[in-house]
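Chemist: So the chains spell out like this:
2 protein chains.
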Amino acid sequence: MYKKITPKIRKEIEEIVGRRNMIFESDMIQDYSHDEFSLPEIAREPEIVVKPNQAAEVAAVLRLANEKRIPVTARGGATGLCGGCVPSEGGIVLSLENMNRILEIDEPNQMGVVEAGVRLMDFYRAVEEAGLFFPPHPGDESAMIGGVIATNAGGSRAVKYGVIRNYVKGLEVVLASGDLISLGGKIMKSSTGYNLMNLIIGSEGTLCVVTKAIISLLPQPPLARSLIIPYDELENAIDSVPLMAKEKILPMAVEFIPREVILITEKHLKKKWPCSEGKTYLLIILDASSEEEMDRLSETIAEACMGRGAIDVYVADTPKKQEEVLEIRSMIYEAIKAHTIEVLDITVPRAEIPNHVKKINEVSRKFDIWLPTFGHAADGNVHTHIMKARFENGEISPVPEAEWREKFEYVQRALYDDCKKRGGIISGEHGIGLVKKRFLSFILDKKQIEIMRDLKKVFDPQNILNPGKIFE
Amino acid sequence: MYKKITPKIRKEIEEIVGRRNMIFESDMIQDYSHDEFSLPEIAREPEIVVKPNQAAEVAAVLRLANEKRIPVTARGGATGLCGGCVPSEGGIVLSLENMNRILEIDEPNQMGVVEAGVRLMDFYRAVEEAGLFFPPHPGDESAMIGGVIATNAGGSRAVKYGVIRNYVKGLEVVLASGDLISLGGKIMKSSTGYNLMNLIIGSEGTLCVVTKAIISLLPQPPLARSLIIPYDELENAIDSVPLMAKEKILPMAVEFIPREVILITEKHLKKKWPCSEGKTYLLIILDASSEEEMDRLSETIAEACMGRGAIDVYVADTPKKQEEVLEIRSMIYEAIKAHTIEVLDITVPRAEIPNHVKKINEVSRKFDIWLPTFGHAADGNVHTHIMKARFENGEISPVPEAEWREKFEYVQRALYDDCKKRGGIISGEHGIGLVKKRFLSFILDKKQIEIMRDLKKVFDPQNILNPGKIFE
Chain Z
1 MYKKITPKIR KEIEEIVGRR NMIFESDMIQ DYSHDEFSLP EIAREPEIVV
51 KPNQAAEVAA VLRLANEKRI PVTARGGATG LCGGCVPSEG GIVLSLENMN
101 RILEIDEPNQ MGVVEAGVRL MDFYRAVEEA GLFFPPHPGD ESAMIGGVIA
151 TNAGGSRAVK YGVIRNYVKG LEVVLASGDL ISLGGKIMKS STGYNLMNLI
201 IGSEGTLCVV TKAIISLLPQ PPLARSLIIP YDELENAIDS VPLMAKEKIL
251 PMAVEFIPRE VILITEKHLK KKWPCSEGKT YLLIILDASS EEEMDRLSET
301 IAEACMGRGA IDVYVADTPK KQEEVLEIRS MIYEAIKAHT IEVLDITVPR
351 AEIPNHVKKI NEVSRKFDIW LPTFGHAADG NVHTHIMKAR FENGEISPVP
401 EAEWREKFEY VQRALYDDCK KRGGIISGEH GIGLVKKRFL SFILDKKQIE
451 IMRDLKKVFD PQNILNPGKI FE
Chain Y
1 MYKKITPKIR KEIEEIVGRR NMIFESDMIQ DYSHDEFSLP EIAREPEIVV
51 KPNQAAEVAA VLRLANEKRI PVTARGGATG LCGGCVPSEG GIVLSLENMN
101 RILEIDEPNQ MGVVEAGVRL MDFYRAVEEA GLFFPPHPGD ESAMIGGVIA
151 TNAGGSRAVK YGVIRNYVKG LEVVLASGDL ISLGGKIMKS STGYNLMNLI
201 IGSEGTLCVV TKAIISLLPQ PPLARSLIIP YDELENAIDS VPLMAKEKIL
251 PMAVEFIPRE VILITEKHLK KKWPCSEGKT YLLIILDASS EEEMDRLSET
301 IAEACMGRGA IDVYVADTPK KQEEVLEIRS MIYEAIKAHT IEVLDITVPR
351 AEIPNHVKKI NEVSRKFDIW LPTFGHAADG NVHTHIMKAR FENGEISPVP
401 EAEWREKFEY VQRALYDDCK KRGGIISGEH GIGLVKKRFL SFILDKKQIE
451 IMRDLKKVFD PQNILNPGKI FE
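The listed protein sequences correspond, in order, to chains Z and Y. Using the numbering used here, you'd call the opening residue of the first sequence number 1 and step up by one each time. Using the numbering used here, you'd call the opening residue of the second sequence number 1 and step up by one each time.
Honestly, the hints are just simulated from the structure, not real lab data. Worth double-checking, as some hints may not be accurate.
As the list makes no split between identical chains, a pair holds if one copy fits it or if it spans any two.
[Said to hold, decoys possible] Below, a list of computed lysine-lysine pairs in the DSS-like style, where the Cα atoms sit at most 30 Å apart: (1) Lys8 <-> Lys267; (2) Lys68 <-> Lys11; (3) Lys51 <-> Lys446; (4) Lys447 <-> Lys51; (5) Lys457 <-> Lys437; (6) Lys248 <-> Lys160; (7) Lys248 <-> Lys320; (8) Lys3 <-> Lys272.
Excised from the complex, chain Z in its bound form (with noise of 0.2 Å):
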């Protein structure tokens, strides 16, 4: 059983942190209790919030913690989506977001030295102002590197430049124990020994806490243009999507995104999307290093898709441009987030994409229940959003909560069934967190979970590190 924060280990607290790196008022603390997720009943307040200002804090902190046997949920930007940072077991909350520095964009290197609480928006910048670029893209740039990494975020570049495991070359961690290690480096391979690092990519603050990372960064691609191309079809998009690996032309992004979605968000945010024809959308971004080749890349795939259904092909070829029409699209979520229960992550075979939007749609259609889906085409990663609402005519309109309680229920499991039967996975991007944990086990057998469960024993024998998630 899991210690109390007595007063006597607050003061122990208080002499690592200081008094104005701790949290326990009950007017402030409830803000640590949650994530994006929608549902409150997972929320749970901390004992205490503990923001550590140095990685040698972090190891004080989390080796009196497991002396005294106390829960600590490390927490980034919190904009998770499926409870990962709720310290669903009380203890101790360990904020990140004093730890934002930049330490370093290490030009000749290629590389980003940041501590785990630096915001993505400020490395973005921070990059872009060396002329460097780093192509992971997760929807919230309020995100921390910390948390991107503890889930192993994708995002939409995902298509052409992988995901987040891709470009972490070093880490700076601190053990449940308190012993600080440092793994990988400025160093672009490396087969010496086994790869803790990429085990800990990924595990959702429950193997370690991640401090500091080392980020391999690319040169910036000289242009980058989007496309946005609508179709009355849904299915006449995504069979677009392998005409472009036919013509051997590799997309930063290919995103498909229905209309209905975008209306919602052209009025939250009072902007206009390119084009007000068709039902459904491709988004494709392409790269290129020149503006013949640029042209080239952009007819190829504009006679494709006409050739395959298109209305019609709009393009942002502007930066201005193009920050309207990728803003619109990363902020689809938050336009619909008051009316959404979950959002799914269900990843699939990429040719299945087809098959497992029809089994949506079905599905929407039998538990009428609303179930807009969007995603990355190229990837075969689709977030299909649980709606606790209506869209009819325009307008949303809610649903009785003992209604979509029942509903959501029966439209996980057949969305999780008809995943598994296509050999997909349940998290492509988002992690595992408290919500899927009841999942894992019908996606994986049961070997494959005793032995991650026999891992995190080797890294935190007392279990006080985020205890609750990933597994039931």
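Place chain Y on chain Z using the hints.
Modeler: Chain Y only, in chain Z's frame:
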């Protein structure tokens, strides 16, 4: 202590794989006692070689070996350079050579599904026939996929396209217990529990035996071109490398090669390198999607290099010319192998290459030892060859054994010292195996190695899988 293989156990193995898939005749078993590492003293013959035909047979052999406590060393193409597949505790060599089926090249999903014993050359061919592209290219194409995964092999194209880790999306593995598990799938992203797959990649057959892999593929880049750029000064060659990033160009490969090893390889292969000037070369491989684009890239690089002391720029722009250049590059090791003691595999931060190479030259002079050094200039992976011969006036002449043995020790120490000082690691792509294990605790701290050992116990509590490797 490990058990010996009794006649009864041999009989049981025979029941699993059949007599013709076992080798214990002394004239044939010798082939299975070594890899490509040069010194014969690390070789050891197994008691038996077992060649399963399917995963179920691997599982049955492992179950038996685990029950009886018999060491099992998995073996692929045996192209390794640090004794990784030498059965140093005797027992069973489990050769995957019969499991050489390319099960599927799945074009819609852009995935290859292969058994562990598929040779790279066969995989490349199948992938190319399907119009797709598998970027990683470790030098020796007779390597098998299982071994490539076991060492997290890289190769020259890692600069742009990354190492094998970036392409492995699914694995079927057999645990020491004989349990067969499937990890990942034909999926591009996963945040579904701990990523066991990424822990297994690079674990050198010590955690489990890989029997099948799912590998993601890319569309074929339409055009490739090699530039050969001679310099009189190595430093100028290496100083030219960062200029490409400055021009926002990401080549597929950037290699530096001293002229002396080209001369030896030309003689060995009876083939001609396209240029005879200079003392050192940069070999740059570019890919692009149009001739115009390729010309622009080539010209920009040529100009940048000429401004940094290049003597000339030779272009291999036909597939035939390209093939010749790449053949010479990939046969260098073959040509000097007879005189090589060990190929180091140090990886340093990219910007540290010039100083590391300077140090190598200093050590070479100080100990009067031939240290031809070449490698992957743009990813920091430097292959220094410690030689047991001199190269003077175009001729190789052997050094007495007592002399090179003494120097070998000093040179290793000096170069690993320099590696550590520069934030590097001792293996970028070859692995630790038997040969480098005494340096593991020199480069990694104690706590890290302790965790690795504990992870090993989770997977293989009886320590039957490739015992004696990685750790001292």
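Chemist: Give a verdict on every hint.
Modeler: Quick rundown of the hints versus the structure:
For the identical chains of this complex, Lys8 and Lys267 are neighbours neither inside a copy (53 Å) nor across copies (78 Å), given an alpha-carbon limit of 30 Å. For a Cα distance limit of 30 Å, the shortest separation of Lys68 from Lys11 inside one copy, 14 Å, qualifies, whereas the shortest one across copies, 55 Å, does not. Taking the shortest alpha-carbon separations for Lys51 and Lys446, only the inter-copy value of 29 Å comes in at or below 30 Å, while the best intra-copy value is 37 Å. Taking CA atoms no more than 30 Å apart as the test, Lys447 paired with Lys51 passes between copies only; the shortest distance there is 26 Å, against 38 Å inside one copy.
Taking the closest pair of Cα atoms, Lys457 and Lys437 come within 30 Å of each other both inside a single copy (18 Å) and across two copies (26 Å). For a Cα distance limit of 30 Å, the shortest separation of Lys248 from Lys160 qualifies both inside one copy, at 12 Å, and across copies, at 17 Å. In this homomeric assembly, Lys248 and Lys320 come within 30 Å of each other (Cα to Cα) both inside a single copy, at 28 Å, and across copies, at 22 Å. Taking the shortest alpha-carbon separations for Lys3 and Lys272, neither the intra-copy value of 54 Å nor the inter-copy value of 74 Å comes in at or below 30 Å.
When the structure is compared with the earlier hints, violations turn up for hints 1 and 8 and for no others.
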